Amino acid sequence: MSPETRDKEVVKIIEGFGDGVLGNISKNESPKFSVPLRSLNNIKFDRAANLLRLGDKNSSRKFMNIAHAKKFMQSAMIAAKCKELVSKGKTASIRELYYQLKHAIANTKENTFEDQGESDPLIVDLETSLKVLREELHLKADDKGTLIGNIVIEDSGDLIDCSKLGRSGLSVPSIIEHYKFKKVKADYVLVIETAAMFDRLVEEKYPQNNNCIMVSTKGQAARGCRRLVHRINQELKVPIIMFTDGDPWGYYIYSVIKAGSMALAHESERLGTPQTKFVGMTMTDIEEYGLQKVTEKLKDVDKKRISELLQYPWFQNKEWKKELQFMADKGVRIEQQALASKSLEFVAEEYLPEKIKKGKLLP
Amino acid sequence: MADEEIVTKEKNAEELFKEFREVSVTEFFRKNRAHLGYSGQLRSLTTVVHELVTNSLDACEEAGILPEIYFEIRQLGQEHYKFKARDNGPGIPVKHIPKVFATMLAGTKFHRHVQLRGQQGIGVSGVTLFSQMTTGQPITVRTCTGDNKVNEVKLLVDVTKNTAEMVEEKQYSGYWRGTEVEGELKGVAYNTSERGPYEYLRRTAIANPYAEITFVDPEGRKTLFKRTSDKVPKPPTEMKPHPKGLAVDDLLNYAKASESRHVGSFLSSSFARVSSAKVNEMQKLVSFDLNKNPRKLAWAEAEEIIKAFDKMDFMAPSSEGLRPIGENQIKNAVLKILKPEFEVVITRPPKVFSGGVPFQIEVAVAYGGNAGRPVSGENSEEGVTAKAEIMRFANSTPLLFDASGCALTKAVNGVDWKRYGIKDFDNSPLTIFVNLISMYVPYVSAGKQSVAEEEEVIKEIKMALMEAARKFQIYHSRMRREIEKEAKLNTLLKYTTELAPALALITGKDEKKILKDLTHLVKEKLRIEALEDELEDESEEEAKDASFEEGEKE
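Chains G and F are the protein sequences, given in the same order. If you're matching positions, the first sequence starts at 0 in numbering that gives the first Met the number 0 and goes up one per residue. If you're matching positions, the second sequence starts at 0 in numbering that gives the first Met the number 0 and goes up one per residue.
Think of the hints as simulated: they come from the structure by calculation, not from any bench. Computed from a predicted structure; not experimentally measured. We put the CB at the ideal spot given by N, CA and C, even for glycine. Hints should not be assumed to be uniformly reliable.
What the hints assert, rightly or not - Now the stretches of chain F that chain G is said to cover, found in silico as 3 or more residues with beta-carbon under 8 Å:
id, stretch
1, 485-493
2, 500-509
3, 520-530
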């Protein structure tokens, strides 16, 4: 389907949403629309595909419910703005959208939106409710994530050789649907949680020395980054290996890359990369590499997060339960950069090549 | 029969009086100052106001006159005040002036089964004596019975003879009827607290809605409490005691004084609601012959009669002798003086407490407006504008002192106000009005500011307050809901102004029509919600009424 055809479809879908609401009004019922629930009790883990999937539970947004009224109004405003964007063939950032819609409600001191935290989740609501992707609504988020390595990408007619971008690499945009992969030469993609570790490995020429592509998620991976990793894996058949801090937050970032996230469970199919493997940091690394002195004590929030992860169906395999249990028992976490206690080069010259070569990877 | 009884009782009073005369009046007063209400600077002043005002009200009522009362307090110096009290009552015949203003224990009220304000006959003479003891000055009385002859006397209490010492006597002509009393007081203090003269008169005005009261305070500020009713209550009538709740010694006292030939006829003639059929019924319950001479009744036999009384059913005591203020009268007075957002008045049917004494309870609950005691800026907690006040009355007379030991206070505090939606009773703009009506108010002491804890009295007050509180609760939840509804409507209408243009942009339909339809929908939906709530309210109300009555039976 051409983008233009899809745009027309999306406009129709948005109009259908508006007609539904007008239908409610003419039938003397509260204006309403339904949104699939995105909480844990409506998330199913598809073990066979190793992906999170959205269940069929819906919640109803009703304008006459005083707790929903403002969100209902805001959702309609977002829908109206998206229709305008799609019709004009423009794409706005979610921050621009927020500013476009923010104003004082007539005769009050109240704003339509107080901060972007109010509009962002409603965009996801609208996507899932209308079954339309964010980019199809012509919305994008800020660039987040960096890629470096032996891959040539065609972007709007320009060729980008990601091995020739110096130390900075390619800034991964929110929408990468238009990317075309031209040439690739890599044994695997190393996805790294922290920018600092990414920089270290760039300086150590890790991609050149190990024939791999490197991606930094810079914390939790954004959609663009997840979609890019997914496409490289699916379209180019390059394996994905993930490298995070040894704590519940890092492990969760890994699970999002691999199986998808709860908030975007409706898009797991497009964003999750079930073949992803995990290289570190693991709890056994601490003993293996003598890192006992450079661990950090778990805080209460860390402990709480561990017990949450232990409840998630997609962490229910023996390797991960063992890691999390071990972490909880020892009461410590280990950062990627703790490897620098050995030497700056240690991670690039010994830790990663050795673990990857020996296949010491977690599923 | 009734007359004879009073004679007997008066003899007893004479005896009492003889004993009392053996010590000097001043000494008696000094010893009993606190009991007579003359303890503390503020209380002494309030007592003076009380004695003079009740005297005026009683006089007007007995004469069937709509009272107009004027009271003025002026400050002459440190702890030194002058008062002037005037009424439009029947006036006092000159020969009775000494008895009214300078004789202790002269009253006859003490021994009558009649509901009056003053009960122990110490009253106004106490004012004369207090003035005389603190300033050495006589009081001035001007009075005229409407015969164009005004009598003006200055008098002191002759403390050895317990009668008046006339300092000066004048008579002149004047077209006027009523009594005016003027005097000076030392060792007293005026303030506007809830135990001061102003509050006393404000409460008197609420409980005596047919009285018009003018008050001029020491700063010259004049307050007029207008009457809200022009019906003078009927003069009180005498009533026989009711058998329920009589004590053995009460019965024996009555029996000893009886001139009936048989216990049976003694019972039916001395007590209310005891018919000859009831006497026959009783004969089956007692072990001795009711044809016995009542003056020879033994303690054990009297006990049997009391037990039989307890087992038997009698008609409720007649409320004839009781004079409630009346629901409408209280309501009008409360509305006028407190201007509340909500008020409810409950009058309970007459009951008896121990001794066969009939009594009746009237309560009012007022919320919002000027109800409660206003909180001054400094001491106020956030959002608290008034504190709850309890207005206690005995026979329409305000009780301002000794609140903590009073049965009326205990009854009010014994109600679980939280159950009725009043979360913080003390910090609510509430006025709780409680009037205990009885021929004999069971005061804790002669200070007459505190009612003894009679179980039946407390129970009745609580019943009345609970009934009032339920009505308040319905109002209160309705109000709260209305406020919520209003807020909800405003919120929805506010968002409607943004929702309509968004929908117009999406659908391409006319924005004005969408706005109109949406506004209509919101208003209609809320109107239906409100109607549903009201229906729910009514069914709840019925359910509560049912459970309340069950509770009462237990």
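Evaluated hints:
{"no.": "1", "hint": "485-493", "in the structure": "holds (count 4)"}
{"no.": "2", "hint": "500-509", "in the structure": "holds (count 8)"}
{"no.": "3", "hint": "520-530", "in the structure": "holds (count 4)"}
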